[in-house]
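**Q** So the protein lines, in turn, are chains P and F.
Residue 12 in this note's numbering is what sits at position 12 of the first sequence, and the numbering runs on without skipping anything.
Residue 139 in this note's numbering is what sits at position 139 of the second sequence, and the numbering runs on without skipping anything.
Just so you know, the hints here were simulated from the structure itself, not pulled from any lab data.
Some hints could be false.
Where chains are identical, the list cannot tell them apart; a pair therefore holds if satisfied intra-copy or between any two copies.
[Claimed, not checked] DMTMM-like cross-link-like pairs, simulated, lysine to aspartate or glutamate; straight-line CA separation at most 20 Å:
hint, residue 1, residue 2
1, Lys82, Glu31
2, Lys68, Glu31
3, Lys68, Asp193
4, Lys161, Glu54
Keep in mind it's a predicted model, so treat the numbers as computed, not measured.
Number of protein chains: 2
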Amino acid sequence: MSESPCLAAPVVEFWFEFGSNYSYPSVMRIEAAAARHGVTVAWRPFMLGPIFRELGMDNSPFVLQKEKGAYMWQDIARECRKYGLPWTRPSHFPRLGVLPLRIAIQGAGMPWMEAFCQRVMQLNFVHDQDINSPEPLAAILTDLGLPAAALLARAGSEEVKARLREQTAEARARGVFGAPTFFVGEEMFWGNDRLDDALAWAAAQGVGG
Amino acid sequence: MSESPCLAAPVVEFWFEFGSNYSYPSVMRIEAAAARHGVTVAWRPFMLGPIFRELGMDNSPFVLQKEKGAYMWQDIARECRKYGLPWTRPSHFPRLGVLPLRIAIQGAGMPWMEAFCQRVMQLNFVHDQDINSPEPLAAILTDLGLPAAALLARAGSEEVKARLREQTAEARARGVFGAPTFFVGEEMFWGNDRLDDALAWAAAQGVGG
Numbered sequence: 001m002s003e004s005p006c007l008a009a010p011v012v013e014f015w016f017e018f019g020s021n022y023s024y025p026s027v028m029r030i031e032a033a034a035a036r037h038g039v040t041v042a043w044r045p046f047m048l049g050p051i052f053r054e055l056g057m058d059n060s061p062f063v064l065q066k067e068k069g070a071y072m073w074q075d076i077a078r079e080c081r082k083y084g085l086p087w088t089r090p091s092h093f094p095r096l097g098v099l100p101l102r103i104a105i106q107g108a109g110m111p112w113m114e115a116f117c118q119r120v121m122q123l124n125f126v127h128d129q130d131i132n133s134p135e136p137l138a139a140i141l142t143d144l145g146l147p148a149a150a151l152l153a154r155a156g157s158e159e160v161k162a163r164l165r166e167q168t169a170e171a172r173a174r175g176v177f178g179a180p181t182f183f184v185g186e187e188m189f190w191g192n193d194r195l196d197d198a199l200a201w202a203a204a205q206g207v208g209g
Numbered sequence: 001m002s003e004s005p006c007l008a009a010p011v012v013e014f015w016f017e018f019g020s021n022y023s024y025p026s027v028m029r030i031e032a033a034a035a036r037h038g039v040t041v042a043w044r045p046f047m048l049g050p051i052f053r054e055l056g057m058d059n060s061p062f063v064l065q066k067e068k069g070a071y072m073w074q075d076i077a078r079e080c081r082k083y084g085l086p087w088t089r090p091s092h093f094p095r096l097g098v099l100p101l102r103i104a105i106q107g108a109g110m111p112w113m114e115a116f117c118q119r120v121m122q123l124n125f126v127h128d129q130d131i132n133s134p135e136p137l138a139a140i141l142t143d144l145g146l147p148a149a150a151l152l153a154r155a156g157s158e159e160v161k162a163r164l165r166e167q168t169a170e171a172r173a174r175g176v177f178g179a180p181t182f183f184v185g186e187e188m189f190w191g192n193d194r195l196d197d198a199l200a201w202a203a204a205q206g207v208g209g
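Let the sequences and hints guide you as you build the complete structure.
**A** Following this line, the structure appears as structure tokens:
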């Protein structure tokens, strides 16, 4: 799938959502882990809500399935402890994160992408704060030395809205049903639990390719 | 939760089902992994079907959710390769396994439990054969030097049927929604992916207890 298979570093596509709790540890871990494997990360923000709706669910499965949800809150706290990541159970779940997704879709491939996404995730899953308002996002962007007003203005443009919808449609077309999801070519890996497997797979493809 | 906390080895409860594909690698791995951690395994066979029905599903989520099911067949093949376990996608899924569960519930705590469960799992997920008929189960039991006819007769008794129903009701009451599930006291771990975490948790309780 890569343009120049003999020269390019192997790529893992990272499909994620700011409202998704298991996307949080992946956002925090992926670049460092990918670097250890010599793998490049292609960040693919998308909207989980429309995907869940097309699959017949009007909310997160963790909300719809009470037992699974109750378990998940135990599990994610343990997982974050395992990775040494701070964790606070958000008072609203899942938080709507369309606005930061519209900023992130402008940032994919930019040097600030990882830092921006990590800050949004921390806002949600460490500081338990709203992630869908211009103010906190402007504060993050400004902290990162970025033109907050311009990025927020573009986030409201029809072009950027359409790009996020198209990327979400691509996720759906490729069989994505949750987040995080990783692709190495057509090989799909679902869940933060499979991040290291996806990176190892990508690294092996690079050697063989 | 253990009766004699200072003397007993820490215990992990292992809740599993013969029709459950992710229970297969756990059945194959758990005793060896538990031994490395100094943990004792309490085998807890139960029926997933009634649990799924009580949660509003008339079949496995892997059948009901086409996208998740398609992914799962990729994932379990990769997982088995990772663990060095042979794997064949069963032509019928999920296979009914009530009869072997009724034998397994007699075997919990017996020295033949692991070997019997592994043989049934291999019948389903390696040899792609029916696991709910007396003949193949009798062959396994006889191979293991066990009184096949007596165990199969007891499997049909009201007492054993009731024990399996009660164990399933206990699973439901404790919030089990899938298999495999592990408990260390009240701490719940879901999925073959969490086997090692559950054992580490049990081992740590043992040291602290």
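**Q** List in ascending order the numbers of the hints, as given earlier, that are violated by the structure.
**A** Per hint list: single violation, 2.
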